[in-house]
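There are 2 protein chains.
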Amino acid sequence: MAFHYPNGRRFTPGPDKTAVNPMKKANYSNRGMTLEDDLNDTNEFYLANGIAVVHKKPTPVQIVDVHYPKRSAAVIKEAYFKQASTTDYNGVYKGRYIDFEAKETQSLTSFPLKNFHEHQIRHMKSVTDQGGIAFVIIRFSSSDEIYMMDAPQLVIFWERMESGGRKSISKEEVQNSSIKIPLGFQPRIDYIKVIDSFLNGKI
Amino acid sequence: MAFHYPNGRRFTPGPDKTAVNPMKKANYSNRGMTLEDDLNDTNEFYLANGIAVVHKKPTPVQIVDVHYPKRSAAVIKEAYFKQASTTDYNGVYKGRYIDFEAKETQSLTSFPLKNFHEHQIRHMKSVTDQGGIAFVIIRFSSSDEIYMMDAPQLVIFWERMESGGRKSISKEEVQNSSIKIPLGFQPRIDYIKVIDSFLNGKI
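Respectively, the protein sequence lines represent chains Z and L.
Under this note's numbering, think of the first position of the first sequence as 27, with each following residue one higher.
Under this note's numbering, think of the first position of the second sequence as 27, with each following residue one higher.
Worth flagging that the hints you see were computed from the coordinates, not collected in a lab.
Careful: at least some of the hints might be erroneous.
Which copy is meant is left open, because identical chains are indistinguishable; a pair holds if it fits in one copy or across any two.
With a cut-off of at most 35 Å between alpha-carbon atoms, the simulated DSBU-like pairs for lysine-lysine come out as follows [claimed, not checked]:
id : residue 1 : residue 2
1  : Lys206    : Lys82
2  : Lys206    : Lys120
3  : Lys129    : Lys96
4  : Lys96     : Lys108
5  : Lys83     : Lys96
6  : Lys193    : Lys96
7  : Lys83     : Lys197
8  : Lys129    : Lys140
9  : Lys140    : Lys96
10 : Lys206    : Lys228
11 : Lys120    : Lys197
12 : Lys193    : Lys151
13 : Lys219    : Lys197
14 : Lys83     : Lys108
15 : Lys129    : Lys228
16 : Lys82     : Lys108
17 : Lys82     : Lys96
18 : Lys151    : Lys219
19 : Lys219    : Lys140
If you're wondering where the values come from, they're calculated on a predicted model, not measured in any experiment.
Next up, chain Z with everything else stripped away, as it sits in the complex (with noise of 0.2 Å):
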């Protein structure tokens, strides 16, 4: 079923990207390009060859009040958004759940831990717990570099924070408990690679 506008483009629901954008993935170079652009390419790059089904959940609202015009579309006119109480990005590798959070810092020295809630490591524990495959992915936006952190070492940090301790991670420390993913063209984010690695017992 493939709806098509009177000019002939084709429409694509929202937030189901499923067709990969030739244009978009054209361009290469980072301008503009946010860590979710990233991510969101790489996971329509990994569901259109069939390598790995993963969404970005919606920004969780709660609705207040709805007006519904005489035909047209409802239209909420009061709304606040929510904090998350999961991570992000979950989905399915080879049948392993795989679930993650990812965040970017301006910080050239240390990643501030301040960029997860608490009931997302609670989530992230939880998944662990249960068999999943939890991590973050962390860039450092200045210098455009890219680590992915298992959630029971993100753990290990937020634990050293709530006993007093420092309330980041310094990039030294990030660079010897992570997994940097090298910035590719398809995809971009290539963290089922590493993923596959764990899984192989190659990490």
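Following the hints, put chain L in place on chain Z, whose structure we already have.
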């Protein structure tokens, strides 16, 4: 980190219902409980008891206009409901990825396939191809009967419709091709038990 209202009541952020509410649990009868309520209760129970980690995804919303009043929370002033590109529920059980959609019908005799969207069917296919466990939970609300149908079976009925066949699944067909889930107390809708039988090759 726990926030408290001035009256001493613990603040629980919106969707993060990790704590099981005993008052809600005590309401055994189904008066006014929707399928979504029952599944949320079930998922809370699974989470609190370390059985599985499954969450409902937030409703996808296209945000158009946001106001930022001084000294108070951002207010979304214009937004629209978007069609979901995936199913509503997903999570992890024993390391395995599980993914499902839940729908109820008032019909006594059949389950209309218009309850699903084509991209949801496509999504469930992708999940199954990737080794995940995808299914639908179907409730006949008049008789309060709940069935669990796996995605490959649903796809058969969907494709029958696409090739010109009936636009619904007769109740008899549902009964013959699904597992009935008896309504319980805790958890209300014990779908994990069915998955367990499935994983152990008992179904």
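Hint-by-hint comparison with the structure:
no.	hint	in the structure
1	Lys206 with Lys82	both (22 Å within a copy, 32 Å between copies)
2	Lys206 with Lys120	both (22 Å within a copy, 28 Å between copies)
3	Lys129 with Lys96	between (42 Å within a copy, 27 Å between copies)
4	Lys96 with Lys108	both (29 Å within a copy, 18 Å between copies)
5	Lys83 with Lys96	both (30 Å within a copy, 29 Å between copies)
6	Lys193 with Lys96	between (52 Å within a copy, 28 Å between copies)
7	Lys83 with Lys197	both (28 Å within a copy, 33 Å between copies)
8	Lys129 with Lys140	within (11 Å within a copy, 38 Å between copies)
9	Lys140 with Lys96	between (45 Å within a copy, 23 Å between copies)
10	Lys206 with Lys228	within (15 Å within a copy, 43 Å between copies)
11	Lys120 with Lys197	both (32 Å within a copy, 34 Å between copies)
12	Lys193 with Lys151	within (19 Å within a copy, 43 Å between copies)
13	Lys219 with Lys197	within (23 Å within a copy, 45 Å between copies)
14	Lys83 with Lys108	both (13 Å within a copy, 13 Å between copies)
15	Lys129 with Lys228	within (26 Å within a copy, 43 Å between copies)
16	Lys82 with Lys108	both (16 Å within a copy, 14 Å between copies)
17	Lys82 with Lys96	both (33 Å within a copy, 30 Å between copies)
18	Lys151 with Lys219	both (23 Å within a copy, 23 Å between copies)
19	Lys219 with Lys140	within (28 Å within a copy, 38 Å between copies)
When the structure is compared with the earlier hints, no violation turns up for any of them.
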